[in-house]
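> One line per chain: the protein sequences are U, Z, P and H, in this order. Residue 0 is where the first sequence starts when you use numbering that gives the first Met the number 0, and the numbers rise one by one after that. Residue 0 is where the second sequence starts when you use numbering that gives the first Met the number 0, and the numbers rise one by one after that. Residue 0 is where the third sequence starts when you use numbering that gives the first Met the number 0, and the numbers rise one by one after that. Residue 0 is where the fourth sequence starts when you use numbering that gives the first Met the number 0, and the numbers rise one by one after that.
Mixed in with the good hints, there may be bad ones.
Each pair of labels, with its calculated beta carbon distance range [stated by the list, open to error]:
1) 140/H to 143/Z: 52 to 58 Å
2) 143/Z to 122/P: 16 to 22 Å
3) 29/P to 43/U: 53 to 59 Å
4) 44/Z to 25/P: 50 to 56 Å
5) 96/H to 140/P: 25 to 31 Å
6) 11/H to 27/Z: 51 to 57 Å
7) 27/Z to 77/U: 37 to 43 Å
Hints are computed from structural coordinates only; laboratory data are not their basis. Values in this document were obtained by computation on a predicted structure and should not be read as measured data. By construction, the Cβ of each residue, glycine as well, lies at the ideal position given by its N, Cα and C atoms.
Listed below are the residues making up each chain.
4 protein chains.
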Amino acid sequence: MTIELTEERKQQLRADYARGFVAYCGLSAMDISAGRLSARVDIDDRHRQQDGFIHAGVMATLADHTAGYAAFTMIPEGRRILTIEFKINFLRPAFGPALICRSRVLKPGRKVLICESEIFDQRADGDVLAAKAMATMASVHESELRADR
Amino acid sequence: MTIELTEERKQQLRADYARGFVAYCGLSAMDISAGRLSARVDIDDRHRQQDGFIHAGVMATLADHTAGYAAFTMIPEGRRILTIEFKINFLRPAFGPALICRSRVLKPGRKVLICESEIFDQRADGDVLAAKAMATMASVHESELRADR
Amino acid sequence: MTIELTEERKQQLRADYARGFVAYCGLSAMDISAGRLSARVDIDDRHRQQDGFIHAGVMATLADHTAGYAAFTMIPEGRRILTIEFKINFLRPAFGPALICRSRVLKPGRKVLICESEIFDQRADGDVLAAKAMATMASVHESELRADR
Amino acid sequence: MTIELTEERKQQLRADYARGFVAYCGLSAMDISAGRLSARVDIDDRHRQQDGFIHAGVMATLADHTAGYAAFTMIPEGRRILTIEFKINFLRPAFGPALICRSRVLKPGRKVLICESEIFDQRADGDVLAAKAMATMASVHESELRADR
């Protein structure tokens, strides 16, 4: 199964990345290639938790969504991606002015794709790995979106 | 290890729940008791993803944060909660006007607490379980918050 | 989607449960009903780890396999179950003379089923919850077993 | 925090790796260095599941145990490792004559260590990544082993 990732499709996916909740949270797509996507978010006070660190929910959203769009690069047009599950480990509290996420597809598949995401905290003294996630994505035909998986 | 959960502490935790990213996302705490917390979010367009469903990141944030504050009910004042990791399964796409989350501590501990969260999608025909999460939380003294775990 | 779980099918699944690695580890199925299965293992020295506790791998095998056969009760004959992923939290070190596992299907589906397993350590003073797992299972037609998912 | 990993300690950990359940399953340690461990298992019929593939429980045991001993390389003598939780994704059914596991510590810590494991299926046409796991390990002083975490 090889899906050609055209320049037009790349631009479409990159633009499509930042809608709804993801736009509201200020995330944006960066580099895109077959099975890979990077994204970023500039941090301000709305992203923090009760102790001033970046909220785990921001990192989870970034890890999940970027993995999902990495998966989009491996499926035909007309199909959509839904998250089946993900797991994320927080290695260190994050507090820098931006987060970078790098996601890749570990295993493509017609119906199920396995992805991983690494989130880096951009600190004054360099980027550090702040969280790592593994996600299982379902590829669903758009006509089945309301149906049971 | 039994921590008394006073009425004052309950009110403080309930108010403390909705700050920063969580306030920005519109989540709020509801019922609180020792080892248990429920919370809700009223859904509008900012919470949706590209196909109109509630974004997985909203559900992940709700599951993580509510589990974290359930954990807060089991630790002494002066200690703080940080998420070590969580895993969330999405059972059905969610699209109702509100989500309810019920979290509980499965296993308290001095340094590590294990919690679970269930998220219900409030649909016209009743609440349905939309997602379920398990989370591992660290209890850290506030003086160590910047230190390595 | 309702699959009738006949008495014959129950007996077949219960017998089928304990083969290969699972028989080698001494696990056996107990009660079975639609979407639910319990199983047990009597513990001896081969199940322990370096400090004398029951090995996490025994509990993981028990949680995964019992969830898988709970899933089998919800799918038509001719289809098979493969584990996509699972996550297990160990709440307490286990050391009793037997483990009991209770698994259930949280969400059935034609291609993907979400299950959970609870493992109880049978101690002298009663059963205690020792581990809890969530698992994502693929239902695959037996003709596709060698193919890519 | 830097722990010196002496040649003697390496040999001791490598020997200690294969005891109890792990010896019973035929796993053995291979290369060891600070924060890293590889291990292998030669597959025979006792390792298979109902369809002839290597059982998920074998891979989970290998992933968990190898991650745990990778963690052992980063902690002082007198402390022990217990698994808090792990999550494993199965990318492809495995059926080769041996499995290789490579584990590494993503984040050391005094009390909690985060590790990952990759399992390769040794097939006639080369090694393929069959499963990937993330694990959270507790470092506990041996005097506290029976106590609550």
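> Return the numbers of the hints above that this structure violates; sort them in rising order.
Violated: hints 1 and 2.
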